[in-house]
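Read off the chains here:
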Amino acid sequence: MLLIPCPWCGPRPENEFRYGGQANLTRPAASADDAARGAYLYLRDNPRGRHQERWRHRHGCGRFFNCVRDTVTDRIASTSKIGSL
Amino acid sequence: MMQPFRTAEGGRIDRSHRVRFSFDGQAYSGYAGDTLASALLANDVCLIGRSFKYHRPRGIMSAGSEEPNALVTIDRGAGRIAPNLRATSVELYDGLKACSQNRFPSLRFDIGALAGLAAPLLPPGFIYKSFMWPPSFWKRLYEPAIRRTAGLGRTPAEADPDRYLNQYAHCDILIIGGGAAGLAAALGASATGARVILCDEQAELGGGLLDEPNVTIDGWPAPDWVREAIGTLNGSVTLLPRTTAFGWYPNTMIGLTERLTDHLGEPGSQRPRERLWQVRAERVVLATGAIERPLVFPGNDRPGIMLAGAARTYLHRYGVKVGKRVVVATAGDSAYRAATDLHMAGVAIAGIVDRRPAGDSEAIQSARALGIPIHNGMTISSTEGRNRVHSAKLSNGTDIIPCDTILMSGGWTPSVHLFSQSRGALVFDAASGTYLPSQDAVGACAGVFDLSTSLRDGTAAFGGEPRSFAVLGVPAMAPSEPPVATVPHRGAFVDFQNDVTTKDLAIAADEGFVSIEHVKRYTTAGMATDQGKTSNLNALTAIAGLTGQGIEHTGLTTFRPPYTPVTFGALAGPVRGDLFAPIRLPPIATPGAVQEDAGTWKRARCFPNAKETIAAAVARECLAVRNDAGMLDASTLGKIAVEGPDAAAFLSRIYTDDFTKLEPGQCRYAVMLGEDGFIRDDGIVARLAPDRFHVTTTTGGAAYVLHHMEDYRQTEFFAMRVWLTSVTEQWAVIAIQGPRAAEVLALFIPDIDLGTMPHMAVRAGHIGDVPIQLFRVSFTGETGFEINLPPDHAQRVWDTLRQRDVTPFGTDAMHVLCAEKGHIVIGQETDGTVTPDDVGLGWTIRGTDCIGKRSLSLPDLKRHDRKQLVGLLPADPAVVLEEGAQVTVAPSARDGLSGPSVGARNAQSVGHVTSSHCSPTLNRGFALALLAAGRSRIGTQLSVAGPDGGIPVTVTAPVFLEKTADRPKPSPRRTQEPLLPLADQPAPVVRPCDSVQLATLAPITRLSIRAGPAAGTAIGLALGVLLPTVPCRSVMTPNRAALWLGPDEWLIVAPESASELAALARKAVGDHPASIIDVSHRSQTLEIAGPCAAWCLNAFCALDLDLTAFPVGMCTRTLLGAAEIVLWRIVAEVFHVDVARSLMPYVRACLEEARLEFVDVEVVSSRPK
Ligand SMILES: [Zn+2]
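Taken in sequence, the protein lines are chains B and V. Residue 172 is where the first sequence starts when you use our numbering, and the numbers rise one by one after that. Residue 21 is where the second sequence starts when you use our numbering, and the numbers rise one by one after that.
Treat the hints as calculated values from the structure; they're not laboratory data. Note that this is a predicted model, so its numbers are computed, not measured. Where is the CB? At the ideal position from N, CA and C, for every residue including glycine. Treat the hints with caution; some may be incorrect.
Unchecked claim - Derived coverage of chain B by chain V (criterion: at least 3 residues anywhere in the stretch with Cβ under 8 Å from a Cβ of chain V; other residues may be distant): (1) 175-184; (2) 189-198; (3) 214-224; (4) 228-242.
What the hints assert, rightly or not - If you want a taste of the chain B side facing chain V, the calculated C-beta under 7 Å gives, among others: (5) 245; (6) 248; (7) 253.
Claimed, not checked - Covered by chain B, per the in silico footprint, the following chain V stretches (three or more residues, Cβ under 8 Å): (8) 258-272; (9) 329-340; (10) 1065-1079; (11) 1133-1143.
Please build the complete structure, drawing on both the sequences and the hints.
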């Protein structure tokens, strides 16, 4: 079970969290073309190594936050509050 | 009874306590303190089992958990048969029944041994090579045959009668291994004041020190030094004997199994058999020691051939001589100690065969001084003996030494399994020729074989001052020579458990396998439960020799957890039976109802009368709603309070409708889309006030919808001032539907005029004396109301209505009634690929920029031939179609609408049935279906796949009942009828126990406060309890408390009425945006108190509950088993557990289970303290 550092609550066991997918996706404006919309809906990074992603401390403070996790080692390099760097 | 190989004295066994046991039905006796292996050896039982592949006779090779050969089945009665236990790890108890495995008809005469003659036919990869063709033979011939012969032992067919526990634990230092280095590390660590856990797989701490009665440490004989060290550590270090560290998981989570009853003659019915520890350690120290390697020579697997160190263990710890006439084959000095010790005990040492040239270390000199013949520069080239070895032939080709035992020592391999699991870097040590952990190891695991160095290193493992110990009695030994990469003798066993020989490795090398990982998979060396404990380095050496690439370039295979096998019971722990998953029951008890699972809830499907079938009950319930009045417990629907100045704008994004123009007091049906434009959920959005909405979700979608909304609230529309609070369990809901609904409700509702209340409206009022929110909504097409009321009163309102002949109906009738009106059911008509237009809900899209709206204009979502919702009427009205059945067009009826034709002669699927029922109102079967271009097919004939061929159906619009005529409206009642009184709740039975008490607390007011800093401060000042700003902390005053639950979320606990308190808070916030919601009924509080309260919580809760990590006043949402709770530490030994009311029985049962071991101690007062 991973230990995930919630930016609010500190390190907590993985089962309190819910994965929130790739971070930093920009929701295109309604006026954007179909290709941009399709990419936003269905295209995701799948890196070997560092991955920018979102988690939510669902059974804790309820917050979404950003996380950098290495997909090879599962090590979490950092977590940060949404909106902060 | 004789124990012919028992020494006259010595050992750590209790000779005053004789223990009877049986092996393959034969009775024997041993002593308390024996293992099964030592007792069998004492009784001259040498043949223990048959090998996995070739059924070769095998004996005992080791004295520990590395044993690859002596696998037995222990039979403790029904459900308690444990196969594949290592006889070397099974503690003897009175009445133990052991059986050998993998033999037929008996151990001595085994037919399967013929497989040994067929060994040339079983080369590595033989399964891949032999059973390739034809494919059909796999199912009928190969697989059953392989399954019959594969595997060892048999599993019990009965349910496991034992209990198993789980424990989450945290520590600063976890020491794995309780030998010299581990104990020294614990002594060093305990001085630092750190939280330390030390575990060891054996029954007794001490490891190899227990084999050394003639060695002294600081003047104590080594076993006595162990006793003194344990005495020092007791109290400051958690000592766990009989506890195996089996796996190293991410972020230094170590899995341990503690065996609690396997060594007891009477395990008892209540005492747990094992405890699974999930230990989160800041640091781990591996003091796991080293495992002696067998020598690789032909015939090295015969019974009577054993590791040299094991012979010393049997002699010194168990008082057992392993043979009468012993040959010692070695590549190092340590085996000389075995030879001299056995010689001193009266065992004839027929010779020492040393691969190396003559040496002169103290150990060698001692052996020489005793006159033991030493053959240098030689190895054993073959052995003889069927069920026990009787001679060894030396590599000079002439000498044959008669013997009954061969001891072998190929050197020592540090036990790096756990370190390898941690993905730590193993470093090749050229001096010893082995791989060593790069960090975190002490003693033999770190390649240190000198006792005094191990002890000193151990004490300094944590950066402290190293402490030296005076060690006397260990003869000086030359360091072991590294193993050499050589082409080995063919036909010598390398992996004894998996029956892999050097010949198999040679075949693999010949066939081009170079990577050690490939060789492992191809030959199975190092696989399965053994994980290469005795074989890994020998296989590596052989492959390195065969490929000529050197040991350090060949590398090690990755070790897999578990280190030794773990029972399924330990892994499942208490998560069985009632605790397997929470069963959430709605607030209204409905005895006699047929129940079904709905999400995590149990809901009533229908309410059959005596002798009524389910179908008849559903039909009766449907007709009651259409013709009279029916009621449904709709409490499980998700409910979310959406509050804040931007609530309407927020909901207009989340749902497809525009709610900015919805008037307070009005409701609207609402559809939620994902970004992809597909329907996710539906519900009712009600505006209670300009900035307050009440939203319902489907029962199964409640958690998802809140998560989805929070995602947008926090990360996309974060500038909106809006808050979301789940109020699902704050409100019970009774839906009452039918022409008589208004009339019967009017009897009890004094303050809402049901006659003038419009459809899709919400009003606050009372039923009897109970405050309610009354919705006028309908999913049946009949007049309908939904009473939202405090759950404590739901039962009495239900029972009152029941007395007025309102018919209870369940989810089955609900589905029929919905489908008759063509209302979709999420998850039935939708599957994540359905747009609003597909199911005729295009009209709900009135918002300007709701989530998913843009995707609806993607080309694929506008295709004319998308699947669309239609109705189906079977030609035969008695037929009820199968849900999920394919709807087809006949080949002749091809109309160009059905997409590309595939196989023109076959009927082609154009969609499927999504809901199908028998309508008692229409008196016929009917169905909803999603069909390609479905709306254009209305009026046509299609076919639905049935068990006996196609069923003809007519496609219709998806509405089967015309709009029901307006019913006469009741005039407001002047006289009101009383509700039934509130029934008393039976108090749960609590077994008293001083260590930990459990009590459900009386209801108390709880407010959920969602606010920014300014409003938060204002509320705090008004309520006299400041809202904490530090995460996970509470502020307590004598009669109030404020708990931080999130950065803009607090829980206020107070004695006043909720309405009074909420009014006070609302007044205080003024114009600041805030959300203040009464959640008093949503949850209940369990108090767990006593010195063992934290321990009991940690059976199900993974948080560190040490006072330093979870101080008094700390509060947080977390999980207890599968239930979300708010955990709050009131004082050091008192916690409050706030839990949703439907989950209270589950949480209570979990904590009762954890408490049982303490309750038991007091009930069974005869147990010694
Ligand atoms: Zn958190």
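Evaluation of the provided hints:
Requiring three or more residues with a Cβ within less than 8 Å of a Cβ of chain V, the coverage given for the stretch 175-184 of chain B holds, as 5 such residues are present. Beta-carbon proximity to chain V at under 8 Å applies to 3 residues in the stretch 189-198 of chain B; the threshold of 3 is reached and the given coverage holds. Under a criterion of three residues with beta carbons nearer than 8 Å to beta carbons of chain V, the stated coverage of the stretch 214-224 of chain B fails, only 0 such residues being counted. Requiring three or more residues with a Cβ within less than 8 Å of a Cβ of chain V, the coverage given for the stretch 228-242 of chain B holds, as 7 such residues are present.
Using the Cβ-Cβ criterion of 7 Å, the hint placing residue 245(B) at the interface with chain V is satisfied: the shortest such distance is roughly 5 Å. The closest approach between the C-beta of residue 248(B) and any C-beta of chain V is roughly 13 Å, which is over the 7 Å cut-off, so the hint fails. About 6 Å separates the beta-carbon of residue 253(B) from the nearest beta-carbon of chain V, less than 7 Å, and the hint is met. By the rule of at least three residues with a Cβ nearer than 8 Å to a Cβ of chain B, the coverage given for the stretch 258-272 of chain V holds, with 3 such residues.
Requiring three or more residues with a Cβ within less than 8 Å of a Cβ of chain B, the coverage given for the stretch 329-340 of chain V is violated, as only 0 such residues are present. Residues of the stretch 1065-1079 of chain V lying with their CB closer than 8 Å to a CB of chain B number 4, which satisfies the three-residue condition for coverage. Judged by the Cβ-Cβ criterion of 8 Å, the stretch 1133-1143 of chain V is covered by chain B as claimed, because 4 of its residues qualify and three suffice.
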